Amino acid sequence: MEMFLQLILNGAVVGSTYAVVALGFTLAFTVLRVINFAHPEIFMIGMFGGLAVASYTDSLWLALLGGALVAGIAGIILERLIIRPLYNRDVLMTLIATLGVGIVLQNGMAVVVGPDAVSFPALLPRGGVEVGLLSLSYKQLFNFAVCISILGVISGYVRLTLWGKATQAVAERPGVAAVFGINVARISQVTIVAASALGGIAAVSVGTLYGTASAYVGVLYGLKSFVCMLVAGNRYFEGVIVVAFGLGILEALVTGYLSSGLRDAVAFSVLIGVLLLRPQGLFGSYTAKV
Amino acid sequence: MFIAFEPILIFTLLNIALTVGLYISNLSGQLSLGTAAVAGIGGYISAVLTSRLGMPFPVGLLAATAGGVVVGVGLGLMTYRMEMFVFKLVTLAFGEAVVVLAFNIDYLGGANSFTGIPLHTGMFVAFALAAGAVLVAYLIDFSALGFAARAVRDDALAASAMGISIRGVRVFTLAVSTGLIALTGAMQAHYLLVINPHDLTFFVSLSIIIFLLFGGMQTLWGAVLGATILTVLPEVLRFSNEYRLILFGVLVVAIVMLRPEGLLTRRPLKVPPRRTGRPLPIEISQVGPNGA
Amino acid sequence: MTAVLSIRDLQVSYGAVPAVRGVDLELHKGELRVILGANGAGKTTILKALLGLQKATSGSVQFDGRPILGMTPQQINKLGISWVPEGRQLWSNLSVYDNLLLGGFGVADKAVRRREIERMLERFPLLRQRSRQLAGSLSGGEQSLVAVARALISQPRVLLMDEPSLGLAPLMVKQIFDLVQEVNAAGVSILLVEQNARQALQVADWGYLLENGAIVTQGSAADLSQSSTVQDVFLGGSI
Chain A
1 MEMFLQLILN GAVVGSTYAV VALGFTLAFT VLRVINFAHP EIFMIGMFGG LAVASYTDSL
61 WLALLGGALV AGIAGIILER LIIRPLYNRD VLMTLIATLG VGIVLQNGMA VVVGPDAVSF
121 PALLPRGGVE VGLLSLSYKQ LFNFAVCISI LGVISGYVRL TLWGKATQAV AERPGVAAVF
181 GINVARISQV TIVAASALGG IAAVSVGTLY GTASAYVGVL YGLKSFVCML VAGNRYFEGV
241 IVVAFGLGIL EALVTGYLSS GLRDAVAFSV LIGVLLLRPQ GLFGSYTAKV
Chain B
1 MFIAFEPILI FTLLNIALTV GLYISNLSGQ LSLGTAAVAG IGGYISAVLT SRLGMPFPVG
61 LLAATAGGVV VGVGLGLMTY RMEMFVFKLV TLAFGEAVVV LAFNIDYLGG ANSFTGIPLH
121 TGMFVAFALA AGAVLVAYLI DFSALGFAAR AVRDDALAAS AMGISIRGVR VFTLAVSTGL
181 IALTGAMQAH YLLVINPHDL TFFVSLSIII FLLFGGMQTL WGAVLGATIL TVLPEVLRFS
241 NEYRLILFGV LVVAIVMLRP EGLLTRRPLK VPPRRTGRPL PIEISQVGPN GA
Chain C
1 MTAVLSIRDL QVSYGAVPAV RGVDLELHKG ELRVILGANG AGKTTILKAL LGLQKATSGS
61 VQFDGRPILG MTPQQINKLG ISWVPEGRQL WSNLSVYDNL LLGGFGVADK AVRRREIERM
121 LERFPLLRQR SRQLAGSLSG GEQSLVAVAR ALISQPRVLL MDEPSLGLAP LMVKQIFDLV
181 QEVNAAGVSI LLVEQNARQA LQVADWGYLL ENGAIVTQGS AADLSQSSTV QDVFLGGSI
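Residue numbers (our numbering), protein chains in the order written: chain A, 1 to 290; chain B, 1 to 292; chain C, 1 to 239.
I should point out that these hints are in silico values taken from the structure, not numbers from a laboratory. Do not rely on the hints blindly, as some may be mistaken.
To be verified - To give a feel for the contact side, a few chain A residues facing chain C, derived at Cβ under 8 Å: (1) R84; (2) N88; (3) A166; (4) Q168; (5) A169; (6) E172; (7) R173; (8) G175; (9) V176; (10) V179; (11) F180; (12) G181; (13) I182.
Everything numeric in this text was worked out from a predicted model, so none of it was measured. Don't be surprised by glycine CBs; every beta carbon is placed ideally from N, CA and C.
For reference, chain A alone in the conformation it holds in the complex (with noise of 0.2 Å):
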């Protein structure tokens, strides 16, 4: 029992990184219809911006804050000189075009600072909390708590503020929404760079909580993230989020109980699952041209 709930924790907190990557997918799916495979490799920029602040300042603050400012500024990069001329064209052109970017900044990286894992900063105090059995390093803890206060700013923000939900109405109707006065690009832009930033805040959070970083690392959640907009549909916002979770955790609970070698198979066993018997996924998809 005590393994079993000590799994769900973890996969909680790996899960909330997934939410953070996968929602900034989402979004830039949903508001924009580009699949953006640039995003994961914009996390791992991130990362490293924070990796070179915190090797300089030893500041966990100013870390993350450079991690949200590199992310941020190739965001703006990214949507100015490549997704707004490819607006309105087929899914698949962006795809090829943020992938090509992608392939360029993750071997660009990798020229940088080697193919290897470089160690990141302990920035944070080693141990943790322990009630009873059940344990969680301050370094979970912290990354959890970002994560989830990220996802916690993006809810607030789409669902409580008039650009917000100017947000969600170009998500549903572009067409409508530039009628109604609503700035459509304007309202891309701000989503792919807010969904850069704060991916790149997560991203220094995961470095410290890893202890290293890797020029690879946005591969591994890339594919993840978008299969878990792909199992949630993209309705609601919500749902990645829940999916992001409960992979997350399914992960944890097939590696624990498992073995590791299939913690990679669990997503995609749901995805075909998801495709098959619901294609528009778990939550419902706007009914738009993809």
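Since the structure of chain A is already known, use the hints to place chains B and C on it.
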């Protein structure tokens, strides 16, 4: 500086066959995101038959092709009714599931790769394969089937209203495609002599889509040209692996941004798209402007 | 009378296919004009071109003497043109209130926006009851009311309405046409697109008959109701 031409040539021919295979299923709009996995299945089948069971090379190739056809028919029957976006996702998920399986089957070597595959593929075999692939694609492309396939791709509903069987066209083109791709995968295995599950992943599949996109999705020669340029160019430049991939990424972005139809394109036929309930814009017996 | 909206030789095509071929059309201040036509005749395309959602191939559109072709939907919204789209097209995941709120997104003054929303809720007590409900959960008739109310928050001078009665029960159809008349009486010039010729000609001042992207007949609503072409096509004749 010495460049080994033979490997580059063989890789180019194999990649041409893969890209042409993808071109065939894309004729009916089925752009698979699991090409590498299908090729991998072919590779594993032939590898097991020849190196573990001692069967001759042709039997391995035949079995690999048959395996590919079975996969194609299965996927085709499962998805022919779906939107093609869902088809892409199903093939993606299928491919990744195959990867996970390959990682976890110890008999196939798992993460340590399947090794000890006998060398059979040479320049001649590879050339025959690529030429055969192009020939098959050419025959389909300019047959009634090819036109039916494009009709299904452009507007499945209208095509079926014209009496074209969507199921027949989609399943057949996909089966030919996956058969060819699995055959090529087997040839590749008998050239590289190892298969690693990493070679089956989504990103490898995407690079084949990129070959097709680069050359031009609408024409067979685009598929050939794209595969050739994107295989040869990075090889002869002799960069390190990272620089090669960076170049690849830059080329991909450039082609999408600057020439999204690919290097070669087909002149579009001026056929009006179907719009429900709307007469074709042909001026016959219109109600005259009598009241204006 | 001066024309608030005047369209000259408007042409729109989708790729190589012409959808609207040389339409001339005028809407005077305070008028209600209707474009009749079958499915796919190009009615919706004309509205989309006016709203900046669809590029016109050629022609000119003047709003109060100002050319508006080529402007963005946002700029056109600011000038005072609003839209009740075909099939309502509400934001189904947002509440009724939020739909109205976003209908006034282009209104710079918050107080004005709030006042106009309040005015609409006053006019449609049903919407006040439902204001927290998701728009997607409403019935077709209720959604039509929201769509009209949403379009009016920005206090437009011209309202483009695309088949507001489509798919509604007969009783509701009558209510909607009454509402159209009421809005028109309040001073909003309306360009209405309809297949329901009988009802539309009862409320309209002037009508156009559109076929294959060209206007084949026009005239006062009374004349059109008598016209043999319109009779044949819409009023009991075969389609």
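The hints, checked one at a time:
| no. | hint | verdict |
| --- | --- | --- |
| 1 | R84 | 14 Å, violated |
| 2 | N88 | 12 Å, violated |
| 3 | A166 | 6 Å, holds |
| 4 | Q168 | 6 Å, holds |
| 5 | A169 | 5 Å, holds |
| 6 | E172 | 5 Å, holds |
| 7 | R173 | 6 Å, holds |
| 8 | G175 | 5 Å, holds |
| 9 | V176 | 5 Å, holds |
| 10 | V179 | 5 Å, holds |
| 11 | F180 | 5 Å, holds |
| 12 | G181 | 2 Å, holds |
| 13 | I182 | 5 Å, holds |
This entry does not satisfy hints 1 and 2, going by the numbered hints stated previously.
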